[in-house]
Amino acid sequence: MEITININGSDHTADVEPRLLLVDHIRTGAGLTGTHIGCDTTSCGVCTVLVDGTPVKSCTMLAVQADGREVTTVEGLKSADGLHPVQQAFSDEHGLQCGFCTPAMMLVGAALIDDNPDPSDDEVRWAISGNLCRCTGYMNIVKAIQAAAAAASSNGDS
Amino acid sequence: MCADRDEWGSRMLPAQFDYIAAASVEEAIAAKAEGGDETRFLAGGQSLLPMMKLRFATPSKLVDINRIAGLDAIRSHNGHLHVGALVRHADIAASGAVSGAVASAAPWISDPLVRNLGTLCGSVAHCDPEGDWNSVLLATGAEVVAQGPSGRRAIDIGDFVQDFFTNSLAEDEMVVAVHIPVPSGRSGGSYQKLERKVGDYATVGVAAHLELAADGTISAAGVAMTSVAPINRKATEAEALLVGNAPSAELFAEAGAAAAAAADPRDDVRGSARWKRQVVAAFTGRALAAAAEQAQG
Numbered sequence: 030m031e032i033t034i035n036i037n038g039s040d041h042t043a044d045v046e047p048r049l050l051l052v053d054h055i056r057t058g059a060g061l062t063g064t065h066i067g068c069d070t071t072s073c074g075v076c077t078v079l080v081d082g083t084p085v086k087s088c089t090m091l092a093v094q095a096d097g098r099e100v101t102t103v104e105g106l107k108s109a110d111g112l113h114p115v116q117q118a119f120s121d122e123h124g125l126q127c128g129f130c131t132p133a134m135m136l137v138g139a140a141l142i143d144d145n146p147d148p149s150d151d152e153v154r155w156a157i158s159g160n161l162c163r164c165t166g167y168m169n170i171v172k173a174i175q176a177a178a179a180a181a182s183s184n185g186d187s
Numbered sequence: 217m218c219a220d221r222d223e224w225g226s227r228m229l230p231a232q233f234d235y236i237a238a239a240s241v242e243e244a245i246a247a248k249a250e251g252g253d254e255t256r257f258l259a260g261g262q263s264l265l266p267m268m269k270l271r272f273a274t275p276s277k278l279v280d281i282n283r284i285a286g287l288d289a290i291r292s293h294n295g296h297l298h299v300g301a302l303v304r305h306a307d308i309a310a311s312g313a314v315s316g317a318v319a320s321a322a323p324w325i326s327d328p329l330v331r332n333l334g335t336l337c338g339s340v341a342h343c344d345p346e347g348d349w350n351s352v353l354l355a356t357g358a359e360v361v362a363q364g365p366s367g368r369r370a371i372d373i374g375d376f377v378q379d380f381f382t383n384s385l386a387e388d389e390m391v392v393a394v395h396i397p398v399p400s401g402r403s404g405g406s407y408q409k410l411e412r413k414v415g416d417y418a419t420v421g422v423a424a425h426l427e428l429a430a431d432g433t434i435s436a437a438g439v440a441m442t443s444v445a446p447i448n449r450k451a452t453e454a455e456a457l458l459v460g461n462a463p464s465a466e467l468f469a470e471a472g473a474a475a476a477a478a479a480d481p482r483d484d485v486r487g488s489a490r491w492k493r494q495v496v497a498a499f500t501g502r503a504l505a506a507a508a509e510q511a512q513g
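In order, the protein sequence lines correspond to chains A and B. 30 is the number of the first residue of the first sequence in the working numbering; add one for each residue after it. 217 is the number of the first residue of the second sequence in the working numbering; add one for each residue after it.
Only chain B is shown next, with the shape it has when bound in the complex:
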């Protein structure tokens, strides 16, 4: 069947592509390897399909992974939370296995309908600097599990996120899971997101993760920001300020100022760069306070 203009009027259709529904990860990887960078994996499709309709993306082949069994697991295992490639945002929001910044971010991903299809792993691989999950992953020190023809490897999220819409996967690799550390001691986390309306990208998002030592001081800290730099950015100076100190409003305000200094926002329809920096400072403080309260509680 050929869809012509008469039949479809002014409908937005993606450019033509070949389609295969892979039955296994191995089959998906082989199909991807054969097609190279003109081939894309299709998971939730909530970013890819809109880009294809606008012809920002024109892959020659889609490898649909939705029918592969075993990729939808979400569970705590060996000190980390395992999130499989087909775990939807809604599954995370509803899961009893999640806590901290992950649990805090899940209900704020896009809107309920998108959360029913979109996946965490897809969002992570997409590397949109306005995507929320990569900030959560940077703050918690997560790893991306990639599978290629010669097996699996774990990639630190800091190495995985390379640039604007660019990850460090090889052409024949697929993200099969994300592993988020679950600390054994006292810890807490939070994601603070400012959005103009449900479903809009974050104007500003801040993920915070704290771990406390036995004496109540901060033993590990993660802070990362959404929509205020060309990629999701870790606020490393803020993190360094926090470690070794006791949680306090003054400390969190200082960390907020350091995060704001590390942000590189732009003036756009969502607000001025100057104002977004102020939001980063305030939201970093709030996210850290919520994380500390959780860790202490």
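Isolated chain A, as found in the complex:
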């Protein structure tokens, strides 16, 4: 069936089988490989994307379910002004080791600080509790999301 999904601000129209998973549509259909596939069993969260601003596992949603909706992937975080505060903070705070979970962690972090501009340590840990980092680099991921929140607030204030 024909679907149109707004991915990172541009409409993508495609004729897809109903069984096509959103993650495959993003990676193979739209060619955006920043969204990763890890466990493929709804356990690890590396396929996280934002659908209408809400983080979901794109391996556990059909592409047809996203018809008419807005999807943000890691490629959509950067704006004309440069890196998103979470991207800058993950770089500054060494919030990644192998980098496989990083796109998902950054999207969850971006959604969290949109909702809660000053998250506590516990709130960040709670928000990323559906996302696995197999390098176990959680300390710096938490620090990076908090640094991003602080940077986003000070940008907003200025």
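Since the hints were made in silico from the structure, they are not lab data. Ideal placement from N, C-alpha and C gives every residue a C-beta, glycine not left out. Some clues are possibly wrong.
Pair by pair, the computed Cβ-Cβ distance ranges are [stated by the list, open to error]:
no., chain 1, residue 1, chain 2, residue 2, range
1, B, T382, A, D81, 28 to 38 angstroms
2, B, A465, A, G82, 45 to 55 angstroms
3, A, N35, B, E242, 23 to 33 angstroms
4, B, P365, A, S108, 45 to 55 angstroms
5, B, D288, A, D121, 19 to 29 angstroms
6, B, V459, A, P146, 44 to 54 angstroms
7, B, R291, A, A109, 56 to 66 angstroms
8, A, G97, B, E254, 41 to 51 angstroms
Since the structure of chain A is provided, determine the placement of chain B on it from the hints.
Quick look at chain B alone, frame taken from chain A:
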């Protein structure tokens, strides 16, 4: 487009199915009736889609209900909490309308990403004995509202949950809401869940609900257990022990022992049956203590 092996490599894809996005409950029911038991409703999809990817479920048609307006209401109404078919776990966790065992369980359903899509009504209809919500519903005495071609009916949760992954819906019926009683007097509830990690099924879960009479004694009690029997199981002996008595640590320990005796856990990767019974006893006591504190507070 035909997805072949060359294109998708070793990707896990569900078997082929027809798909319709229903615009109304009536349309959804008609599509379900036409397809029979090979047709499944798709709400949050957080249990169904993984089962389809593993080919444990191979429906010939999916009826997507996500675009039906009016199913996402969560509100207190006529002495009960109404939870519509499209209310996500995250909506419940964030709602100011919920209390007791419902409020206590919502943040412990799976993980935050699953909570953003998965629905209470979908989980209830799925009847996985490792699902948390049916214990909460059994403890609180909830009703499932089903709609079919000839109208709606309310089904007591005890009659709705039939067996392992089996509910009592007719083939042409859809769960449109769940109604959870909100007592007018003093009441409280709690859900205690032991999980190995966020997102894992409960090793043991216990839901408790208490109502207090004017003299402070327990006038109504509900206790139900997750992951320790072939279906979510009510601990009826424990409930009977509680009613008519004043809340106390001794009483709750006795009820915990009765719940443990009613549990039928199995040895598995999450622990031994003997240990799980001990967890049931301890968690029943804790859930009842939390429920009593809330009711008294």
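We went through each hint and held it up to the structure:
1. T382(B) to D81(A): 28 to 38 angstroms: 34 angstroms, holds
2. A465(B) to G82(A): 45 to 55 angstroms: Hint holds: Cβ distance 47 angstroms, inside 45 to 55 angstroms.
3. N35(A) to E242(B): 23 to 33 angstroms: 30 angstroms, holds
4. P365(B) to S108(A): 45 to 55 angstroms: Between P365(B) and S108(A), where Cβ atoms are some 51 angstroms apart, the hint holds.
5. D288(B) to D121(A): 19 to 29 angstroms: 40 angstroms, violated
6. V459(B) to P146(A): 44 to 54 angstroms: 48 angstroms, holds
7. R291(B) to A109(A): 56 to 66 angstroms: 42 angstroms Cβ-Cβ, so the 56 to 66 angstroms window is violated.
8. G97(A) to E254(B): 41 to 51 angstroms: Distance hint for G97(A), E254(B) is violated at roughly 28 angstroms.
When the structure is compared with the earlier hints, violations turn up for hints 5, 7 and 8 and for no others.
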